[in-house]
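With these hints in hand, go ahead and build the complete structure from the sequences.
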Amino acid sequence: MDECNYTDVSLHYARHRHDLISADVFRSGEKRWEDAASRDHLTELPNRRSLISYSLTFLENDQINNSRRAVAMLDIDDFKSINDTYGHQSGDHVLQEMAVRIEEIMQPEDFVARSGGEEFVVIFGEKGSMSPEISAERIRQIIGSRTFQIGTTAISVTVSIGVVLHSDTATFSETLTKADKALYSAKSRGRNQVVYTEGVSSESKSAESPSHLPANDLS
1 MDECNYTDVS LHYARHRHDL ISADVFRSGE KRWEDAASRD HLTELPNRRS LISYSLTFLE
61 NDQINNSRRA VAMLDIDDFK SINDTYGHQS GDHVLQEMAV RIEEIMQPED FVARSGGEEF
121 VVIFGEKGSM SPEISAERIR QIIGSRTFQI GTTAISVTVS IGVVLHSDTA TFSETLTKAD
181 KALYSAKSRG RNQVVYTEGV SSESKSAESP SHLPANDLS
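Counting from 1, one number per residue, gives the positions in the sequence shown under the UniProt record's numbering.
The hints are simulated quantities; they were obtained by calculation from the structure and are not laboratory data. Keep in mind that a hint or two might mislead.
[Said to hold, decoys possible] Using C-beta positions, here's what the derived DEER-type ranges look like:
| no. | residue 1 | residue 2 | range |
| --- | --- | --- | --- |
| 1 | Q107 | G144 | 13 to 23 Å |
| 2 | S38 | E174 | 17 to 27 Å |
| 3 | R189 | I134 | 16 to 26 Å |
| 4 | E109 | A154 | 29 to 39 Å |
| 5 | S131 | E60 | 20 to 30 Å |
| 6 | V100 | G151 | 15 to 25 Å |
| 7 | T169 | I52 | 14 to 24 Å |
| 8 | H88 | T158 | 13 to 23 Å |
| 9 | G144 | Q89 | 17 to 27 Å |
Beta carbons are placed, not taken as given, at the ideal position from N, Cα and C, and that holds for glycine.
Encoded structure:
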């Protein structure tokens, strides 16, 4: 091969390798962007965008399998007072620790996201070993039984939870609205409790029931 051809081939491979590296860098950057766009930057949980995306998957699976899953909306009680008393940085720490603890308590098929502020949403797996009421009550009791450390101060943090059984005739947005109403009921009844509804009309008082289960039912 003469020097001219050798140089041409070398340039060809160099350009080809550069193109491959550039494509890999682009794909890597694109994946990082997608991950960042789908994750809550503070807690590293899936964000609301991921929650909506996941809901489409579970709704489709439920229709195929003729099954119904439960959705829980969880809110930290008196979170504003934590921010006001200890500062927003401490409030952020509580949110981060709360995310870790919820994930520790959840079962493998459950999905959790931070939907905004001090609110989290859990979609319970359809094959969980516990009923949604017991699962939500377990989350409430375990979180309330362990203090949160802020510097040298240990504080107690409780949560209120609204749980709704998703109806195959409802959209996910409608289910979230019903879970939010159940959460509001838990707050209005004194906080630190679970209110469960079957997913029928939220005006039906008989459809809602507070849940306070004995600790030995949660093991």
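Against the structure, the hints:
1. Q107 with G144: 13 to 23 Å: Given a distance of about 19 Å, which is inside 13 to 23 Å, the answer is holds.
2. S38 with E174: 17 to 27 Å: Check passed, 23 Å falls within 17 to 27 Å.
3. R189 with I134: 16 to 26 Å: holds (19 Å)
4. E109 with A154: 29 to 39 Å: Distance hint for E109, A154 holds at roughly 33 Å.
5. S131 with E60: 20 to 30 Å: For E60 against S131, whose Cβ atoms are near 23 Å apart, the range 20 to 30 Å holds.
6. V100 with G151: 15 to 25 Å: holds (18 Å)
7. T169 with I52: 14 to 24 Å: Given a distance of about 19 Å, which is inside 14 to 24 Å, the answer is holds.
8. H88 with T158: 13 to 23 Å: Holds, since H88 and T158 (Cβ atoms, about 20 Å apart) stay within the stated range.
9. G144 with Q89: 17 to 27 Å: holds (23 Å)
Taken one by one, the earlier hints all hold for this structure without exception.
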